[in-house]
Amino acid sequence: MFHRDKMCTFNDDMQGTGATALACVLAGLHATNSELKDQRIVFLGAGTAGVGIADQIHSAMLQTGLSHEEAYE
0 MFHRDKMCTF NDDMQGTGAT ALACVLAGLH ATNSELKDQR IVFLGAGTAG VGIADQIHSA
60 MLQTGLSHEE AYE
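Heads up, the final residue of the sequence shown is numbered 72 in numbering that gives the first Met the number 0, and it's a clean run with no missing numbers.
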């Protein structure tokens with residue numbers, strides 16, 4: 000992380016996978032007329048892809064008005 004403050008970067012394993020997974024979750028919620036803030040999501044494993052997906056979904060939950068603690072519940 001020597002250059003994170005000097006240049007814009009994109010980690011496709013974390014950010015790309017996370018954005019794609021979040022898009023799928025949001026599409027499913029739309030199809031079932033459900034809300035993200037009412038969901039419980041379980042992750043299996045803690046690799047970079049799983050962490051990226053969790054981070055993207057957590058950020059989306061914060062945008063629905065949940066606090067950090069509520070989003071982590």
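Don't take every hint at face value.
Listed next, with one range per pair, are the computed distances between beta-carbon atoms [stated by the list, open to error]:
| no. | residue 1 | residue 2 | range |
| --- | --- | --- | --- |
| 1 | Val41 | His67 | 12 to 20 Å |
| 2 | Gly15 | Lys36 | 19 to 27 Å |
| 3 | Phe1 | Asn32 | 43 to 51 Å |
| 4 | Ala30 | Gln62 | 28 to 36 Å |
| 5 | Asn32 | Arg3 | 34 to 42 Å |
| 6 | Gly27 | Gly49 | 17 to 25 Å |
| 7 | Ala26 | Glu69 | 20 to 28 Å |
| 8 | His2 | Glu69 | 30 to 38 Å |
| 9 | Phe1 | His29 | 37 to 45 Å |
| 10 | Lys5 | Gly27 | 34 to 42 Å |
| 11 | Leu65 | Cys23 | 16 to 24 Å |
| 12 | Asn32 | Cys7 | 33 to 41 Å |
No lab work stands behind these hints, which were simulated from the structure alone. We put the CB at the ideal spot given by N, CA and C, even for glycine.
Checked hints:
{"no.": "1", "hint": "Val41 with His67: 12 to 20 Å", "verdict": "holds (19 Å)"}
{"no.": "2", "hint": "Gly15 with Lys36: 19 to 27 Å", "verdict": "holds (25 Å)"}
{"no.": "3", "hint": "Phe1 with Asn32: 43 to 51 Å", "verdict": "holds (46 Å)"}
{"no.": "4", "hint": "Ala30 with Gln62: 28 to 36 Å", "verdict": "violated (20 Å)"}
{"no.": "5", "hint": "Asn32 with Arg3: 34 to 42 Å", "verdict": "holds (39 Å)"}
{"no.": "6", "hint": "Gly27 with Gly49: 17 to 25 Å", "verdict": "holds (18 Å)"}
{"no.": "7", "hint": "Ala26 with Glu69: 20 to 28 Å", "verdict": "holds (23 Å)"}
{"no.": "8", "hint": "His2 with Glu69: 30 to 38 Å", "verdict": "holds (34 Å)"}
{"no.": "9", "hint": "Phe1 with His29: 37 to 45 Å", "verdict": "holds (40 Å)"}
{"no.": "10", "hint": "Lys5 with Gly27: 34 to 42 Å", "verdict": "holds (38 Å)"}
{"no.": "11", "hint": "Leu65 with Cys23: 16 to 24 Å", "verdict": "holds (20 Å)"}
{"no.": "12", "hint": "Asn32 with Cys7: 33 to 41 Å", "verdict": "holds (37 Å)"}
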